[in-house]
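Residue numbers (our numbering), protein chains in the order written: chain A, 337 to 475; chain B, 12 to 243.
By construction, these hints were calculated from the structure, which means they are not laboratory data. Do not take every clue at face value.
Facing chain B, according to a computed beta carbon distance under 7 Å, are these residues of chain A, among others [unchecked claim]: (1) Ala351; (2) Ile358; (3) Pro408; (4) Val412; (5) Leu423; (6) Ala424; (7) Leu425; (8) Ala454; (9) Thr455.
All values reported here derive from a predicted model rather than from experimental measurement. Just so it is clear, CB atoms sit at the ideal spot from N, CA and C, and this is done for glycine as well.
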Amino acid sequence: MGWLSGMTIAMILFAIGTTALIVRKDLVVKLLALGLVNSSGILFLISIRFRPQMEAPILPVKTGLPIADPLPQALVLSAIVINFAILALSLVFVMLLVERYHSTDCGRIEHAVETEKATLGSQNLADDTLESEVQAADR
Amino acid sequence: MKRIVRTVLAVTLSLVVCGIVIFDLTIPEGPPRPDDSELLAAKTGAPNLVSAIYLGARLYDTLFEILVFTVAVIGVRFYLLQRPSTARPDPIPESHVLQVSAQILYPLILILGLYLTCFGHLSPGGGFSGGVVAASGLLLCVMSIGVDTVYCRLSGAGIEQLEWALPMMIVAVCVLPLAFGRPILSNLLPAGQAGHVFGSLSILLLNVLIGLKVLIGSWMVLHTFIRHRGEI
Numbered sequence: 337m338g339w340l341s342g343m344t345i346a347m348i349l350f351a352i353g354t355t356a357l358i359v360r361k362d363l364v365v366k367l368l369a370l371g372l373v374n375s376s377g378i379l380f381l382i383s384i385r386f387r388p389q390m391e392a393p394i395l396p397v398k399t400g401l402p403i404a405d406p407l408p409q410a411l412v413l414s415a416i417v418i419n420f421a422i423l424a425l426s427l428v429f430v431m432l433l434v435e436r437y438h439s440t441d442c443g444r445i446e447h448a449v450e451t452e453k454a455t456l457g458s459q460n461l462a463d464d465t466l467e468s469e470v471q472a473a474d475r
Numbered sequence: 012m013k014r015i016v017r018t019v020l021a022v023t024l025s026l027v028v029c030g031i032v033i034f035d036l037t038i039p040e041g042p043p044r045p046d047d048s049e050l051l052a053a054k055t056g057a058p059n060l061v062s063a064i065y066l067g068a069r070l071y072d073t074l075f076e077i078l079v080f081t082v083a084v085i086g087v088r089f090y091l092l093q094r095p096s097t098a099r100p101d102p103i104p105e106s107h108v109l110q111v112s113a114q115i116l117y118p119l120i121l122i123l124g125l126y127l128t129c130f131g132h133l134s135p136g137g138g139f140s141g142g143v144v145a146a147s148g149l150l151l152c153v154m155s156i157g158v159d160t161v162y163c164r165l166s167g168a169g170i171e172q173l174e175w176a177l178p179m180m181i182v183a184v185c186v187l188p189l190a191f192g193r194p195i196l197s198n199l200l201p202a203g204q205a206g207h208v209f210g211s212l213s214i215l216l217l218n219v220l221i222g223l224k225v226l227i228g229s230w231m232v233l234h235t236f237i238r239h240r241g242e243i
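Using the sequences and the accompanying hints, generate a full structural model.
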């Protein structure tokens with residue numbers, strides 16, 4: 337089982353998350369997949385410079401073992417906070433979309449937006465023709 | 012047919028990205044040299060090297076991290092406060108067991124958050140994790156005594172003004188060393204004996220400020236999501 341390290345697990349999670357992000361149509365599931373991709377990135381960065389026989393980077397190390405690299409761990413903290421921020425904001429946008437189109441399916445939302453655009457366009461077209469007719473009548 | 016094409020495309024894309032990462036990433040072996048880490052710990056006075064990095068050597072990163080967090084809280088509030096608020100949100104029918112156990116647990120969890128925040132430079136923890144733990148304690152409090160009560164008590168304590176004052180205070184802590192003739196983003200207060208609770212006062216101060224900021228920000232997001240969840 338030598339291949340089963342944090343990095344391989346992170347790659348498998350990344351592949352699952354990306355696949356779900358592209359294939360699934362539900363927006364909430366897409367957000368969950370985005371969270372999975374983010375977590376896999378965090379796991380990957382942590383396990384780049386960590387081996388099972390290393391100590392946590394807190395001095396003094398009593399056992400005399402080498403310590404894990406603290407730099408990726410410090411950088412990953414920002415990734416976690418930004419993940420939270422992105423998820424909260426995108427949940428708000430999903431809520432707004434659901435309130436307007438009553439669906440979390442992105443295909444249906446796309447269809448509804450297209451229909452809305454088409455009706456708006458035809459209305460504008462009708463307004464334009466009406467205006468040109470009025471102008472012609474004036475002349 | 013379209014679905015199959017999409018699935019194949021997605022699997023190929025993820026495998027290609029994984030392959031690039033596996034075969035192209037050359038990882039330099041070996042842990043950091045011990046003298047480097049001891050130098051860093053002695054300079055900041057924090058034995059926890061992760062804290063020493065993100066609140067000492069790379070404070071700039073943390074500053075912008077807090078900025079991103081603040082912008083997210085502002086964004087959530089900006090878009091959701093335009094929605095009509097749920098007039099009288101039906102209390103979620105909690106079971107009696109949950110209510111009683113939440114009432115017992117939430118002070119303990121708040122204290123655990125405080126401990127993680129204050130001892131972040133000595134042991135695993137820090138402002139971000141401590142703040143989130145305390146915010147989950149606040150969520151338990153909401154479950155046990157209701158969202159409106161908690162909101163009234165916290166607003167009475169001036170939590171909304173504090174939310175906007177805290178980022179300013181963190182920036183001030185980062186900029187104030189200029190006034191003492193030291194470079195910007197360096198330690199505001201001198202580092203004392205490493206391994207002591209008050210051994211690195213500036214990291215302790217930053218941890219407490221960040222913990223409060225994360226606690227209040229998470230509470231704002233939670234409260235906005237509860238009150239303005241809209242009708243479907």
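Report task. Just pull the numbers of the violated hints for me, sorted ascending. Result -> Of the numbered hints given earlier, those the structure breaks are 3, 4, 5, 8 and 9, listed in rising order.
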